[in-house]
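> Given next are the chains, with one letter for each unit.
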Amino acid sequence: DTGVSQDPRHKITKRGQNVTFRCDPISEHNRLYWYRQTLGQGPEFLTYFQNEAQLEKSRLLSDRFSAERPKGSFSTLEIQRTEQGDSAMYLCASRVEGVDYNEQFFGPGTRLTVL
Amino acid sequence: RKEVEQDPGPFNVPEGATVAFNCTYSNSASQSFFWYRQDCRKEPKLLMSVYSSGNEDGRFTAQLNRASQYISLLIRDSKLSDSATYLCVVNKSGGSYIPTFGRGTSLIVHP
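If you read the sequences in order, they're chains C and P. Oh and the first sequence: position 34 is 35 in my numbering, straight run, nothing missing. Oh and the second sequence: position 90 is 91 in my numbering, straight run, nothing missing.
The following block holds chain C by itself, in its conformation from the complex (with noise of 0.2 Å):
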């Protein structure tokens, strides 16, 4: 399979504790991106890496929040001291830099609940 993966594609928690998902982009891909999206809306962006480099997160991301993509290949996603306003639908996309109009493709994403 040559498309986004995410792990896990579950976790439920209790406040308090630090999760970390992982996300797999399309091998190819040097653009990677992290969303957040809850029921009824759609998704939000996060933070986005070219390669390694972290080049922009958004003002909707808390200092609890972190993300590395260390060899510019796979990425993590760790929350600290998760709330229950964390609950959502992590979703991670991949796409190729270079033309406005490239395609980008998102992995099956990480529900998180928050207890």
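Derived by calculation from the structure, the hints in this document are not laboratory data. Cβ coordinates follow ideal geometry from the N, Cα and C atoms, glycine included. Keep in mind that a hint or two might mislead.
List time: in silico BS3-like cross-link candidates among lysine-lysine, alpha-carbon distance up to 30 Å [claimed, not checked]:
(1) 12/C - 58/C
(2) 80/P - 46/P
(3) 43/P - 3/P
(4) 46/P - 58/C
(5) 58/C - 72/C
(6) 72/C - 12/C
(7) 93/P - 3/P
(8) 3/P - 58/C
(9) 58/C - 93/P
(10) 93/P - 72/C
(11) 72/C - 46/P
(12) 58/C - 15/C
(13) 12/C - 46/P
(14) 80/P - 43/P
(15) 43/P - 15/C
(16) 58/C - 43/P
(17) 46/P - 3/P
(18) 72/C - 3/P
(19) 43/P - 93/P
(20) 43/P - 12/C
(21) 93/P - 46/P
A few chain P residues that don't get close to chain C, going by computed Cβ distances all over 10 Å [unchecked claim]:
(22) 12
(23) 16
(24) 65
(25) 110
(26) 111
Pairwise CB distance ranges (calculated) [stated by the list, open to error]:
(27) 80/P - 4/C: 22 to 28 Å
(28) 54/P - 41/C: 32 to 38 Å
(29) 2/P - 41/C: 15 to 21 Å
(30) 54/P - 71/C: 40 to 46 Å
(31) 53/P - 74/C: 34 to 40 Å
(32) 103/C - 43/P: 18 to 24 Å
(33) 54/P - 18/C: 47 to 53 Å
(34) 97/C - 111/P: 37 to 43 Å
(35) 18/C - 66/P: 44 to 50 Å
Please build the complex by placing chain P on the supplied structure of chain C, with the hints as guidance.
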């Protein structure tokens, strides 16, 4: 005002109907536009890009009106399998390419 606005619907139409969705965007510097489709509890997938001249793909037609800052999606001869949420996506220029998604419009096609 949100950057990208869509009527959430749902639009409930019979098979064979023609249905149209609109999406407005606030940033006049926006450069590229898309419609994505998202099935229930699945990831979004690209349906079609929206070019300045408008474009058609089978039963689907997308149009862009830069002066009024809206894009549209027309679906002809609706099928049951068209039932999904349709997300409008707008991207600013300048190389950063950060897509902004609308909240989506829900379509339900019934027999």
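> Hey, residue 72/C versus residue 46/P, does the alpha-carbon distance stay inside 30 Å?
Answer holds: residue 72/C to residue 46/P is near 27 Å, not above 30 Å.
> Does the Cβ pair residue 54/P, residue 41/C satisfy 32 to 38 Å?
holds, 33 Å
> Between residue 58/C and residue 93/P, is the straight-line Cα distance small enough, at 30 Å or below?
holds, 15 Å
> I want to verify a distance hint. Is the separation of the beta carbons of residue 103/C and residue 43/P within 18 to 24 Å?
holds, 22 Å
> Just to be careful, I want the Cα atoms of residue 43/P and residue 3/P compared with a cutoff of 30 Å; is the pair within it?
Holds, at roughly 24 Å.
> Would the hint linking residue 93/P and residue 3/P be met if the CA-CA limit is 30 Å?
holds, 14 Å
> Just to be careful, I want the Cα atoms of residue 93/P and residue 72/C compared with a cutoff of 30 Å; is the pair within it?
Holds. Residue 93/P to residue 72/C sits at ~27 Å (cutoff 30 Å).
> Does residue 43/P pair with residue 15/C here, judged by a C-alpha cut-off of 30 Å?
The given pair, whose Cα atoms are some 25 Å apart, holds under the 30 Å limit.
> Taking only the CA atoms, is the gap from residue 3/P to residue 58/C under or equal to 30 Å?
Between residue 3/P and residue 58/C the Cα gap is close to 19 Å, so the pair holds against 30 Å.
> Quickly compare the C-alpha distance for residue 58/C and residue 15/C to 30 Å and report which way the hint goes.
Given that 30 Å is the threshold and the Cα spacing comes to 26 Å, the pair holds.
> Taking 30 Å as the top limit, are the C-alpha atoms of residue 43/P and residue 93/P close enough?
Cα-Cα ~26 Å, so holds.
> Between the alpha carbons of residue 58/C and residue 72/C, is the straight-line distance 30 Å or under?
holds, 19 Å
Violated hint for the displayed structure: number 18, the only one.
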